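Working from the sequences, and respecting the hints, build out all of it.
Listed below, chain by chain, are the residues.
Protein chains: 2
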Amino acid sequence: MTLKVAIAGLGTVGAGVAKVLLARGEALRARAGRPIAFAAFAAADISKAKGLDLGGVKRESDPQALARGDADVVVELMGGEEGAARELVEAALKAGKHVVTANKALLAHHGAKLAPLAEERNVALKFEAAVGGGIPVVKALRESLIANPISAVRGILNGTSNFILTQMEATGRPFAEVLGEAQRLGYAEADPTLDVGGGDTAHKLTLLASLAFGTVPDLASVAVTGIEKVSAADIAFAREFGYRVKLLGIARATKDGIEQRVNPAMVKAGTPLADVEGSFNAVVADCGEADSYFFEGRGAGQGPTASAVVADIVDIARGNIGAVFGIPATKLRKAPPAALAARASALYLRFQVRDVPGVMAEISRRLADEGVSIGSMLQRGRSPGEAVAIVMITHEAAEAAVARALKAIAASDKVFETPCMIPMEAA
Amino acid sequence: MTLKVAIAGLGTVGAGVAKVLLARGEALRARAGRPIAFAAFAAADISKAKGLDLGGVKRESDPQALARGDADVVVELMGGEEGAARELVEAALKAGKHVVTANKALLAHHGAKLAPLAEERNVALKFEAAVGGGIPVVKALRESLIANPISAVRGILNGTSNFILTQMEATGRPFAEVLGEAQRLGYAEADPTLDVGGGDTAHKLTLLASLAFGTVPDLASVAVTGIEKVSAADIAFAREFGYRVKLLGIARATKDGIEQRVNPAMVKAGTPLADVEGSFNAVVADCGEADSYFFEGRGAGQGPTASAVVADIVDIARGNIGAVFGIPATKLRKAPPAALAARASALYLRFQVRDVPGVMAEISRRLADEGVSIGSMLQRGRSPGEAVAIVMITHEAAEAAVARALKAIAASDKVFETPCMIPMEAA
Numbered sequence: 001m002t003l004k005v006a007i008a009g010l011g012t013v014g015a016g017v018a019k020v021l022l023a024r025g026e027a028l029r030a031r032a033g034r035p036i037a038f039a040a041f042a043a044a045d046i047s048k049a050k051g052l053d054l055g056g057v058k059r060e061s062d063p064q065a066l067a068r069g070d071a072d073v074v075v076e077l078m079g080g081e082e083g084a085a086r087e088l089v090e091a092a093l094k095a096g097k098h099v100v101t102a103n104k105a106l107l108a109h110h111g112a113k114l115a116p117l118a119e120e121r122n123v124a125l126k127f128e129a130a131v132g133g134g135i136p137v138v139k140a141l142r143e144s145l146i147a148n149p150i151s152a153v154r155g156i157l158n159g160t161s162n163f164i165l166t167q168m169e170a171t172g173r174p175f176a177e178v179l180g181e182a183q184r185l186g187y188a189e190a191d192p193t194l195d196v197g198g199g200d201t202a203h204k205l206t207l208l209a210s211l212a213f214g215t216v217p218d219l220a221s222v223a224v225t226g227i228e229k230v231s232a233a234d235i236a237f238a239r240e241f242g243y244r245v246k247l248l249g250i251a252r253a254t255k256d257g258i259e260q261r262v263n264p265a266m267v268k269a270g271t272p273l274a275d276v277e278g279s280f281n282a283v284v285a286d287c288g289e290a291d292s293y294f295f296e297g298r299g300a301g302q303g304p305t306a307s308a309v310v311a312d313i314v315d316i317a318r319g320n321i322g323a324v325f326g327i328p329a330t331k332l333r334k335a336p337p338a339a340l341a342a343r344a345s346a347l348y349l350r351f352q353v354r355d356v357p358g359v360m361a362e363i364s365r366r367l368a369d370e371g372v373s374i375g376s377m378l379q380r381g382r383s384p385g386e387a388v389a390i391v392m393i394t395h396e397a398a399e400a401a402v403a404r405a406l407k408a409i410a411a412s413d414k415v416f417e418t419p420c421m422i423p424m425e426a427a
Numbered sequence: 001m002t003l004k005v006a007i008a009g010l011g012t013v014g015a016g017v018a019k020v021l022l023a024r025g026e027a028l029r030a031r032a033g034r035p036i037a038f039a040a041f042a043a044a045d046i047s048k049a050k051g052l053d054l055g056g057v058k059r060e061s062d063p064q065a066l067a068r069g070d071a072d073v074v075v076e077l078m079g080g081e082e083g084a085a086r087e088l089v090e091a092a093l094k095a096g097k098h099v100v101t102a103n104k105a106l107l108a109h110h111g112a113k114l115a116p117l118a119e120e121r122n123v124a125l126k127f128e129a130a131v132g133g134g135i136p137v138v139k140a141l142r143e144s145l146i147a148n149p150i151s152a153v154r155g156i157l158n159g160t161s162n163f164i165l166t167q168m169e170a171t172g173r174p175f176a177e178v179l180g181e182a183q184r185l186g187y188a189e190a191d192p193t194l195d196v197g198g199g200d201t202a203h204k205l206t207l208l209a210s211l212a213f214g215t216v217p218d219l220a221s222v223a224v225t226g227i228e229k230v231s232a233a234d235i236a237f238a239r240e241f242g243y244r245v246k247l248l249g250i251a252r253a254t255k256d257g258i259e260q261r262v263n264p265a266m267v268k269a270g271t272p273l274a275d276v277e278g279s280f281n282a283v284v285a286d287c288g289e290a291d292s293y294f295f296e297g298r299g300a301g302q303g304p305t306a307s308a309v310v311a312d313i314v315d316i317a318r319g320n321i322g323a324v325f326g327i328p329a330t331k332l333r334k335a336p337p338a339a340l341a342a343r344a345s346a347l348y349l350r351f352q353v354r355d356v357p358g359v360m361a362e363i364s365r366r367l368a369d370e371g372v373s374i375g376s377m378l379q380r381g382r383s384p385g386e387a388v389a390i391v392m393i394t395h396e397a398a399e400a401a402v403a404r405a406l407k408a409i410a411a412s413d414k415v416f417e418t419p420c421m422i423p424m425e426a427a
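Note that the protein sequences, when read in sequence, are chains A and B. Using the numbering used here, read the first sequence as starting at 1 and increasing by one per residue. Using the numbering used here, read the second sequence as starting at 1 and increasing by one per residue.
Since the hints were made in silico from the structure, they are not lab data. Any given hint could turn out to be false.
Since the list can't tell identical chains apart, any single copy or any two copies may satisfy a pair.
[As the list claims (entries may be wrong)] Here are the simulated BS3-like cross-link-like pairs (lysine-lysine), alpha carbons at most 27 Å apart as the crow flies:
| no. | residue 1 | residue 2 |
| --- | --- | --- |
| 1 | K19 | K255 |
| 2 | K255 | K331 |
| 3 | K331 | K19 |
| 4 | K94 | K50 |
| 5 | K4 | K331 |
| 6 | K334 | K4 |
| 7 | K407 | K48 |
| 8 | K334 | K407 |
| 9 | K50 | K113 |
| 10 | K334 | K50 |
| 11 | K407 | K58 |
| 12 | K94 | K334 |
| 13 | K113 | K268 |
If you're wondering where the values come from, they're calculated on a predicted model, not measured in any experiment.
Written out as structure tokens, the structure reads:
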């Protein structure tokens, strides 16, 4: 029994999937135990599929037609959390077709509603390619790391942001300049907001958290800070303290609920996440009792992402369907989000101050007033009266208390800019 | 329909599996879609299961009885490539029962014969716990990294050896002393041969190679060198050159066939494998076009290994059976082993020589005679006439040619010990 596959969207990833299905039929058949046929597609633009023999493949002008056709699996690679992508996925599931997608935005926003559509009809809704590109982390959380409760899942989930931070560190150049270059080279989108603003990481984190904790995907509870305000100075200071700045997505089971956040963080040099370079992605799953797993690989690009889509298709061919988020949607817990106000961690703080007597006293007093204690400190400045940086790392402190202190400090006429605060992330 | 599980062997891992099955029934049921019951066990010694309520679990005095009982899955955790373990696995498969095992020796030796037994009866023979402890690398190779051909799989697969090398590096102490301490602490077996001699790594590599390349497991073709002769001096010199010494298992698809080898290797500092510390394990899968995946985690211990066994049991409960080595045993290729004589790589060489005129000339000439060219060199010595170390890293050279040169050099009366040769491993 041949498994018939329809693909919506023949961009970089779609063309990659088509290429593998057309070129590696025998190998996939051996793994799947049955033939897999690329039966139909819909695509506004097929320029990326140049060189592929699409002669035997039915082309639909309307992607929605794929949900009504005779394909067993619809692969949605159009992207976007609403519109055609959402419409197609819903229609395909309702028509009893399996769906494979790389669309993290769609699933982060609507996964809680889409999962039951799939599970009621006993079809798959698979999304390995939505997180970490070719890294099989969705499968690992869904099928492998299941014997013991997971306490936290943390990752570098956006290759564009990691590329920019890596370049800023290597060159000492400011964010805007490095972003511009990344855009010229095609490493960053014309509108980079979703990448550098942390939204894409939040989408992916939402999916990982649901898989790790057995909870309803809860995008609205992710606290998001992007990398736009990370300065070359912060990266240089981080290095002096033995840290690197990374955009992390962190989901943690706390006694008050699930904490989900995306923010630049100071990661200790020499730990696995700190060493993730350029556009690579990585995920750490902490399973308690010092039992952690680390996964690293290319988080984007044709080869890796198509590889993840194809693995999902072969899984479906083999009958490995399973619940969308690991346990049936009806059994996913609605975990309360952990109160962000209660969050405590060691923090990196940077103040740009006028080099005049009393400034250090004022900053110290404001922090002490809020019960924040300083672990290490660095002041660097040359010209009295000019701006100098005061950098410190606090002991573990309530972030809300630190924020109050920073607000008071920012109001001082001895302080130039809004102080910078970056959490320190444990290894 | 409850899935009934029988466990043979309640040592550290068996007790860990029992504990999870008894304590996490509801969570596993949600993932498996059906109840999983710990129904029976056989164990000579149940001291590790202290604290577990085995009241409702049937105890057999003969493990072979588990193959005749009413369990759906037999979990073999007795170990050993022959004897009771092999007998039980064969009998269970012949009786149409699924088998889960952590027994790499058994599968490396007999996997080619056991796989058809399982596949003919459409039952599972799963072994996630046999390689890399809790790291889901077997599943990753079997189900995820399947769209594109894998060019190489490389790993740190023996935690004991990695622990010893890490300790030797940290303390500068010799192999025998660190091994003795590891034995006293319980990190190394009384008979450490299988670990430090590379045999255990060879077993695991054989399984990874079969999964990665779709080939018949071929333990006999693995070239094995252990870490017994790695000296503290080699580790210190490695560090000076920017490398660390690791015991690697490497399987590579070459144009002549599959190369499989286990040996100490110089791994460039800062690359993922070089940073694997202590008893951790890690695997790199190279999928071509600079697309590599890295997996790291605890390679042994109760929690991680039991976690892998439980994941296999849940997979079976969900009906995810599949071919033992990813593709049906009848379709596994018998790939020719790559001729080891043709192997070429950059090599680290160390000579202990008498510090007299002409020694360097003799070594250089012997190497040049065999066409071996030297990339970098280091000589260190203080007292003329005494032993000094000459250390060099060659450019890529045929290992057979280097071996001939070393043999000639070893015969010189200016050279004290058998020269040491350690391959350099690319990142």
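**Asked** If you check each hint against the structure, which ones fail?
**Response** Violated hints: 4, 6, 7, 8, 9, 10, 11 and 13; rest satisfied.
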